[in-house]
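For the record, the sequence lines run as chains P and Y.
2 is the number of the first residue of the first sequence in this note's numbering; add one for each residue after it.
176 is the number of the first residue of the second sequence in this note's numbering; add one for each residue after it.
Bear in mind the hints are in silico, worked out from the structure with no lab data behind them.
Heads up, some of the hints might be wrong.
Claimed, not checked - Only part of the chain P face toward chain Y is listed, based on derived beta-carbon distances under 8 Å:
hint: 1; residue: I60
hint: 2; residue: V79
hint: 3; residue: P80
hint: 4; residue: Q87
hint: 5; residue: F91
hint: 6; residue: A95
hint: 7; residue: Y99
hint: 8; residue: P100
hint: 9; residue: P111
hint: 10; residue: Y138
hint: 11; residue: Y142
hint: 12; residue: F248
Each residue gets a CB set at the ideal place from its N, CA and C atoms; glycine is no exception.
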Amino acid sequence: MEKPFVTIENVSKIFQTRNRSSIAALKDINMQFGKGGFVSIVGPSGCGKSTIIRMIDDIIKPTAGAITVDGFTYDNNVPISKERVQKMGFIFQAPNLYPWFTVKQNVMLPLKIYGKHSQEYDEVADRLLDSVNMLGYADAYPAEISGGMSQRIGVIRGMVHEPEILMMDEPYGALDESTREQLNMELLKIWKDTGMTIIFITHNVEEAVLLSERVYVMESHPGRIVAEINIEFDQPRTLGLLTEEKFGRYCMEIENLIGKIDLSKVK
Amino acid sequence: MTTKPKSKLFNICAPIALIILLVIVWQIACTAFDISFHVLPKPAEVGRALLENFPRTIFPDMMASVKVMLAGYCIAIPLGFAIAAFSSQFNLAVKSIMPVLIILMLTPMATLVPIFKLFLGVDPTLKIIIVVLQCTPVIAVNSLSGFIYVPQAKKDLMRALGCRKWESFFRVTVPGAMPQIFTGLKLGCILCTIAAMSADISVGQGGLGYRIQVASSLSATDLAYAAIVIAAILGVVLYMAVSLVETRVITWK
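This is chain Y alone, in the form it adopts within the complex (with noise of 0.2 Å):
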């Protein structure tokens, strides 16, 4: 018992201890090696950018990028539940249904915004429909792998307690998945924070893909690099709400 806030402590400060350490090996190496700063500008240079250009243009391109992964992503967790419960129930679906969604989970969705502009032309929510369809797979796959898996002794003690096929789905399936739920949600995340980033450098029209694009062009590495920082960032921040979440919701284990 007297360990735990030890190793809790111990767990918050070695992941920023090692940030902190290669932050200085890079700071250490591009004056060593004489690095270019189109190539690779010193963390000096990319705080400098990123403090001077938060207020006018990375903190409304982040903004945009927030709207964009947290819509997508709140589309695609129910999207994706309901098709893994749906699919859940019939193994005929199962089976075919679960190769379909692999396949999509593994296609870079931001390849498809070309033929995408075909259709709707530069629209907004075409990056939103660019995360749904990157995260919705994962999040079906995952939960289909929990849903199917769940033991055969847990639903019988439904069955004998007098439940239905979907009152025992509910009672015993879905907090048995738990865990693959979340393994899902989180990949679903960091795809999330991928297929975003991706949206905005193949749709344009701002957020912080956009800018890294538009910096690099300019030979603004700099300013690329604070960009890519907050793009880390949000995809870390999201990552760690939903661990937080699945804390929350795990107590069990």
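Same shape as in the complex, but just chain P (with noise of 0.2 Å):
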């Protein structure tokens, strides 16, 4: 097997509520994702899907365990370097625009952050802005801009400036269905063009299976994994595939097993 990209190995993430209570959020969770590869995490809400990939972008540390990216084993005490970070690209729930930027110099914001200031970035933010049609807006502010406009910016934003592996916290949740789909194959359009790894959270079983070649199913309370499935669809996938029998069997076993927790919670 080739060797993965990102190994998560035995993490736990415990957090200290307000008054003073423990909530483990994580526990002994491993995971591994290749080079390339296009991997979702599904599972009910709370069951700490964000949590990992906040874990891998070094948003947040882990209480325990290690995480490696590239051969590099995160120090669990010590940020990571800049450099180390620009390698990764994250794509929040929320649009999360700053208001006093406008729609361009939000999605250049990472450009500005790694100091990657050539024209040649600078064409790949109008062409991210013209694949969500966002171009004719660029000189807006997300003020005056709807939700959805926003969502996409956040969208782009998260992957501008070329990230090796791009991480995506549920980025559709607020989209209409028809947005949602064109996004959908706009993203499968860059993976194949970029052969980006990427790391897919999502409440949505068709969604998982139409884009992964793997999904991780999640347990809450505390958050583990209960089963890793392969999805084997032939690429380049199409919004044709949601009529096949096949797809339709995946989204029912993945469907089960999270219908099988919810069970047992209501036990």
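Make the complex out of the two chains shown on their own, each in a separate frame, by following the hints.
Now the structure itself:
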């Protein structure tokens, strides 16, 4: 098997609440992500899906365990360097745009921080803006565009600096179905063109099956992996897959796993 | 789009019209109720006193007050900002310094002049110290409020982009806190005018506050009111200048 690009070994995360009680968000998580792969993580709310990618992107530190990216194991007490962080892109659930920047300045923010000021990157930003039909709004401020438009800007901001790993935290949750499908297809195209490693968090089982090569299914309280399912469809994938019987079987399998979790919680 | 210039003109004309109306009411009330010159001179008399005394008395006093106001305000801005920036980095500092700043903000600093005179004598810098002490806390309190209420998601994005604490502070916290910082700066310039006038009265040695006190004691109430009018205009001009900078800085609202 190919050497994994991102490895998570026995990672646990405990959060301290304000009233000094502890919440075990993740317990003994082991995951591997190959270079250039597209892997989704699905599971119920509060199972720690977002926490996993936040730890990979060094936004938060694990309480125990080791995270290794491209052969470098993070120190659990020291933030990783900017040089390493810029190999990764992170797309948040909310657009998280800065109101004092225009749409294009928001998209260009990672380039500004990483000192990438070339004409080439400016063209990358324009191309991405065009891909989400937002080039005409480049000089608008976030307060002047709709929530869905803001979300699209948040998505392309995460990939403007052409990261090697793209982490997406339920990025299309606030979008309508047609925009979602359009962006999913655009994402598959970008993935194919760039060879990025994509880790995709979603609630939507169909979306996970349509996009991913592999799906991790998680359970909550504490967050842990309950299944790892390989999705064996040829590339490039199209929306036509949605009607295939095999697609339905994958969705059913995952939904059953998540359903069992919910039932056990009721007990 | 077409209503915008009209509303802008209306915003300028409405307060001017109200001021003119109040001056007319003032003039009529003084005549109708036969109010004594020593209590409330007519606006025309105040205007005459202003024109007659402006070159020799009011202008030098105005310049003395302007120097104190600007010197104090220009020291208070970076000082208040630095106190807020430093405190915002430590939870303990935020918790401990906020009540102290609020107490200082509410303390009329001119009341400390007699105590300061014991140490410094009647020194011209004493007035500037009063202005600095009065303005700094309000600038610091408002800036600090802005710095500590930046949403966590905005900070998370900085962290996701590999920015450390101070880079994140200048890239996100400061721009995000700009509305509160300008609230502090505008309150600061109001307090700056009040503090400068109080300092003139308490310390003496020129300035509009000193002129108001001297003119009142000599029953030259027209001159006292003329000096009050100039003091009010100074305050308004400073406030408008800060507001103008605010509209240039906060362009996204």
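Now the hints, each set against the structure:
| no. | hint | in the structure |
| --- | --- | --- |
| 1 | I60 | 5 Å, holds |
| 2 | V79 | 11 Å, violated |
| 3 | P80 | 7 Å, holds |
| 4 | Q87 | 6 Å, holds |
| 5 | F91 | 4 Å, holds |
| 6 | A95 | 6 Å, holds |
| 7 | Y99 | 7 Å, holds |
| 8 | P100 | 5 Å, holds |
| 9 | P111 | 6 Å, holds |
| 10 | Y138 | 14 Å, violated |
| 11 | Y142 | 5 Å, holds |
| 12 | F248 | 33 Å, violated |
Checked against the numbered hints given earlier, this structure breaks hints 2, 10 and 12; the rest are met.
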